[in-house]
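Line by line, the protein sequences give chains A and B.
In terms of our numbering, the first sequence has 160 at position 160, counting the first letter as 1, and numbering is strictly consecutive.
In terms of our numbering, the second sequence has 9 at position 9, counting the first letter as 1, and numbering is strictly consecutive.
Incorrect hints may have been included.
One copy or two, either will do: identical chains are not told apart, so a pair holds if it fits within one copy or between any two.
[Said to hold, decoys possible] Straight-line distance between alpha carbons at most 25 Å, and here's what the computed SDA-like set of lysine to any residue pairs gives: (1) K34 with D124; (2) K329 with Q23; (3) K34 with D321; (4) K34 with V99; (5) K329 with C22; (6) K34 with A181; (7) K329 with N292; (8) K34 with A98; (9) K271 with A320; (10) K34 with A169; (11) K34 with R172.
The set of hints was computed from the structure by calculation and includes no laboratory data.
Protein chains: 2
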Amino acid sequence: MTEPRYDVIAIGNAIVDVMAACQDELIEELGLSKGGMTLVDSARAQELYDAMGPAREISGGSAANTLAGLSALGAQCAFIGQVAADQLGEVFAHDIRAVGIDFDTPPRDREPPTARCLIFVTPDAQRTMNTFLGASQYLPPVALDAEAVAAAKVLYLEGYLWDPEEPRAAMRRAIEAARAAGRKVAFTLSEVFVIERHGDDFRALIEDGLIDILFANHLELAALTGESDFEAGIAALSPKVPVLVVTRSAEGAVAVAGGARAEVPAEPIDKVVDTTGAGDLFAAGFLYGHVNGEPLERCLRRGAIAACEIISHYGARPEADLRALMAEKLG
Amino acid sequence: MTEPRYDVIAIGNAIVDVMAACQDELIEELGLSKGGMTLVDSARAQELYDAMGPAREISGGSAANTLAGLSALGAQCAFIGQVAADQLGEVFAHDIRAVGIDFDTPPRDREPPTARCLIFVTPDAQRTMNTFLGASQYLPPVALDAEAVAAAKVLYLEGYLWDPEEPRAAMRRAIEAARAAGRKVAFTLSEVFVIERHGDDFRALIEDGLIDILFANHLELAALTGESDFEAGIAALSPKVPVLVVTRSAEGAVAVAGGARAEVPAEPIDKVVDTTGAGDLFAAGFLYGHVNGEPLERCLRRGAIAACEIISHYGARPEADLRALMAEKLG
Chain A
1 MTEPRYDVIA IGNAIVDVMA ACQDELIEEL GLSKGGMTLV DSARAQELYD
51 AMGPAREISG GSAANTLAGL SALGAQCAFI GQVAADQLGE VFAHDIRAVG
101 IDFDTPPRDR EPPTARCLIF VTPDAQRTMN TFLGASQYLP PVALDAEAVA
151 AAKVLYLEGY LWDPEEPRAA MRRAIEAARA AGRKVAFTLS EVFVIERHGD
201 DFRALIEDGL IDILFANHLE LAALTGESDF EAGIAALSPK VPVLVVTRSA
251 EGAVAVAGGA RAEVPAEPID KVVDTTGAGD LFAAGFLYGH VNGEPLERCL
301 RRGAIAACEI ISHYGARPEA DLRALMAEKL G
Chain B
1 MTEPRYDVIA IGNAIVDVMA ACQDELIEEL GLSKGGMTLV DSARAQELYD
51 AMGPAREISG GSAANTLAGL SALGAQCAFI GQVAADQLGE VFAHDIRAVG
101 IDFDTPPRDR EPPTARCLIF VTPDAQRTMN TFLGASQYLP PVALDAEAVA
151 AAKVLYLEGY LWDPEEPRAA MRRAIEAARA AGRKVAFTLS EVFVIERHGD
201 DFRALIEDGL IDILFANHLE LAALTGESDF EAGIAALSPK VPVLVVTRSA
251 EGAVAVAGGA RAEVPAEPID KVVDTTGAGD LFAAGFLYGH VNGEPLERCL
301 RRGAIAACEI ISHYGARPEA DLRALMAEKL G
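Pulled out of the complex, with its shape left as it was, chain A reads as follows (with noise of 0.2 Å):
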């Protein structure tokens, strides 16, 4: 086995993230479905945005979201994902390139463009995703680069790309050539609906052993196992990952490893401006602990203050010194 090239390659949509702020008479007018993610066509999305604020454009993307998080920490990085050749395109390759992260999947030169996601951002900072998939749907499994994910000594998927068909056979190619490289496999469940549609796989990709770290929210935990207690939760999964990573916002998050547990408070913050990207970056602070093979709460801690720092802003790319930060809170 030679040495890893990567700390972390991930798989993922390449959105650009369309945000604005907006009242919550808009959310109901609109008809949105407050606090989730919803994929909308091309013609919502148009219905949609006529009816946003001025927005600004940040590049996003769950699984780049982490990557741009592990790669301001120092983790060297790549990113598999489909563009198309248009002007968010080049915005999302751009982003995701001057963070310092390889991204070699090339632009898709046909119809639909590069994907966005319409966030609406209320008073309470909370964020509403609209999710215009286009050209990220599109990610042939020929684009896996399986020489690359054998280099990387964790593999990072994201359930969001579970759904539409491409994406997923490039992603059971993907963990196939992770495992038989002798790499980890780390997984997110995403958001409760993809949980609902695609659950049975996930379940079985862990049954079989595929997943070696998993990271979910507590609302996607009891969706996974159907256990609506967040204890009875823990105790049905953690025996079948051999890291679980469970967040669960204001409350903290709580990690179980080979039998052993931790838990850490959420980091105080003055003021949350927008929760785009909080467990995104959550799973970047905690994956950069956990590569570098640090204690499973100090593993936590950084998934924390990446999660606070990412909350302080608009936007799910970090803005603030991530490495400073950490140094400065963890000594």
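We have chain A; now place chain B onto it with these hints.
Using the frame of chain A, we list chain B on its own:
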């Protein structure tokens, strides 16, 4: 003379700002003119973008920013400017319409793409702008809606747009249309380099009595008048324009109108994040007061408050509720 339909109609560059934080070292390395605005061609724009950190895209353009501020305060506004039929053009059009501004210039269905301004923001909050004018410089004189110009109390023009030939012709036509309808013409000098190139044109417009309201900062005042002393510059220029407004960054602003003079300090602010748009929003606040017949000092206070809001965050479009902010500060 029919009742004006608009308070302010503006002709300006239709630009999307691409903004990233950077250290001073990068400004030097790239040979940028710190704090200034430099026009760049497509190749240089690509070179700078490649060197830029992860960015966010926020609609900009000097006169468009001013209108966004005016509209947020409750003024009726219209914008004339040229985007291309591409994604950034859609972003610009969405953002300006989303704040209630009429924008009917059809997108241009050819190369070059929509204008963008690559803005490097240093830790001192100074912005260094590099503008690829793209489609914006091809605003054709026929795009000028003379009927709409005649229907606005004030025609607002940015000096930046005096540089390319077609928009310059459009602006000259607009000035004629405004004067013929008995409307006022407001002009912002924009940048010292614009004055270096077109100072003779600007001085002729002023001598011919075609400018009713002139906006400048202290550097532009010196460049236009040839007077390095601030008071000498004011004394030289103020008799030639009915309303002269000169900002001087942290030292506040001065206005002279019909022999009367008013002065305000800059608004106190905790932390300046990004100075992009400070002058544009000063003009917005001032013009709002002016079209509503407010006293000179109150117009200046509005300018200072709007400028203070814009420098407290990234981007040159208001984020706070400017109307509420002014009600709170001005009573």
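Hints and how they fare:
| no. | hint | result |
| --- | --- | --- |
| 1 | K34 with D124 | within (11 Å within a copy, 38 Å between copies) |
| 2 | K329 with Q23 | between (34 Å within a copy, 23 Å between copies) |
| 3 | K34 with D321 | between (31 Å within a copy, 23 Å between copies) |
| 4 | K34 with V99 | between (31 Å within a copy, 23 Å between copies) |
| 5 | K329 with C22 | between (33 Å within a copy, 24 Å between copies) |
| 6 | K34 with A181 | neither (41 Å within a copy, 50 Å between copies) |
| 7 | K329 with N292 | within (18 Å within a copy, 52 Å between copies) |
| 8 | K34 with A98 | between (32 Å within a copy, 21 Å between copies) |
| 9 | K271 with A320 | both (15 Å within a copy, 15 Å between copies) |
| 10 | K34 with A169 | neither (31 Å within a copy, 49 Å between copies) |
| 11 | K34 with R172 | neither (32 Å within a copy, 50 Å between copies) |
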